[in-house]
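Using the sequences provided together with the hints, build the complete structure.
Listed below, chain by chain, are the residues.
There are 2 protein chains.
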Amino acid sequence: MPTPADRPLLDANPLPDGLPSRLVEQLTFLAEVDKLKTVLRQSPLAAAPRRENDAEHSWHLALMVTVLAEYANEPIDVGHTVELVVVHDLVEIYAGDTPLYDDEGRLTQEQREREAADALFGLLPDDQARRLRAWWDEFEARATPEARFAKAMDRLQPLLLNWLAKGGTWRTPGVTADTVRSRKACVGEASAELGAVARTLIDEGERRGWVEPGHHNPDPVAG
Amino acid sequence: MPTPADRPLLDANPLPDGLPSRLVEQLTFLAEVDKLKTVLRQSPLAAAPRRENDAEHSWHLALMVTVLAEYANEPIDVGHTVELVVVHDLVEIYAGDTPLYDDEGRLTQEQREREAADALFGLLPDDQARRLRAWWDEFEARATPEARFAKAMDRLQPLLLNWLAKGGTWRTPGVTADTVRSRKACVGEASAELGAVARTLIDEGERRGWVEPGHHNPDPVAG
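Protein chains in written order, with UniProt numbering: chain A, 1 to 223; chain B, 1 to 223.
Heads up, a few of these hints could be off.
Keeping only pairs whose Cα atoms sit at most 20 Å apart, straight-line, the calculated SDA-like set for lysine to any residue is [said to hold, decoys possible]: (1) LYS166(A) to PRO16(B); (2) LYS166(A) to LEU15(B); (3) LYS166(B) to LEU15(A); (4) LYS166(B) to PRO14(A); (5) LYS166(B) to ALA12(A).
If you're looking for bench data, these hints aren't it; they were derived computationally from the structure.
Written out as structure tokens, the structure reads:
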């Protein structure tokens, strides 16, 4: 997995001399983010027998925002919500993906991701570094309607993939239907209708044996 | 490659009964677009030894729009430009990717892509089918500042990947530096500064022998 100590990809093949320095910083960042395409998630694709990567996932969320925005409990700025999902996983280029059901990794996740944000967004010109960092902070804090809806998409999308896989990561050892329910509670906080869809899929998945029955190992702190 | 005759992915594992029909249409579409992650482009990734797929490419363009919008020749609505790039390649789920330097495939491209758009967007509720289809038509027609900038990103991104690969698809047989220059002219039409960057990279790539020298086989009709 790449770390902040890695050299930016563009260092291996620097841009020609003479380009404006602001543009060189922007292109260095835009080349570096190519690495997001190599960060694997746990979720299986529906369309091919392999795991999804973060870039594909981020694109899928962007499209979900445009199609499902009408279900937001509060009015949202759709364009800004798309911006949030496009940047929300960038820190994983340096911090790696922390699986939703990996409680140990989640203990160090916040610190690792903050350092990664400093390193990655720091490649940009200062004004843009501040702007994208603020978007990432907004997403993480879930303090705005846009951030809450973006987070709901981030939780609903793998649920749809797990449904299509007849289990997927629901079959992770130790995970029960109640674990899944508590992790997906944030969907309903952003959208009553989509929260109901999430619950229906989990209930039906439990009935079909695609996830261990609930009622043990619930996780009350998870979102 | 999938064709419009394929059954939607969700047909293999239908959603539980009782969900609102509008939501079922939307989720059927959102499951089906998982296939975009399997449509391979010619461009090599910079971060891994494999070709890029359309979903990764679309995400990369969305991020480029947010970072490079300041260079647009005309004022653009950034959020809408992001929407355009998020949907711009969806038709390739059924029509396949037509490589930029594949003149034969490009003869039938328009018809194949229109049929694909009918089939894919037709999965959505009518109002949303019309809206996403209109975005795709807008992108293709390049009649708005947003569409022109989106198209410029679509041409600049593989150019950056080719630079990072020290040639990449520039090495396609029959392609010369002049072919590349004419294909990339639309970058300068949307942004003078980014057009200058594109020309600098092509000129320097030609000087380094990463693309055949220009002056023969130019293609005056390409964008």
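- Violated constraints from the hint list, given by number and in increasing order: Every hint satisfied by this model.
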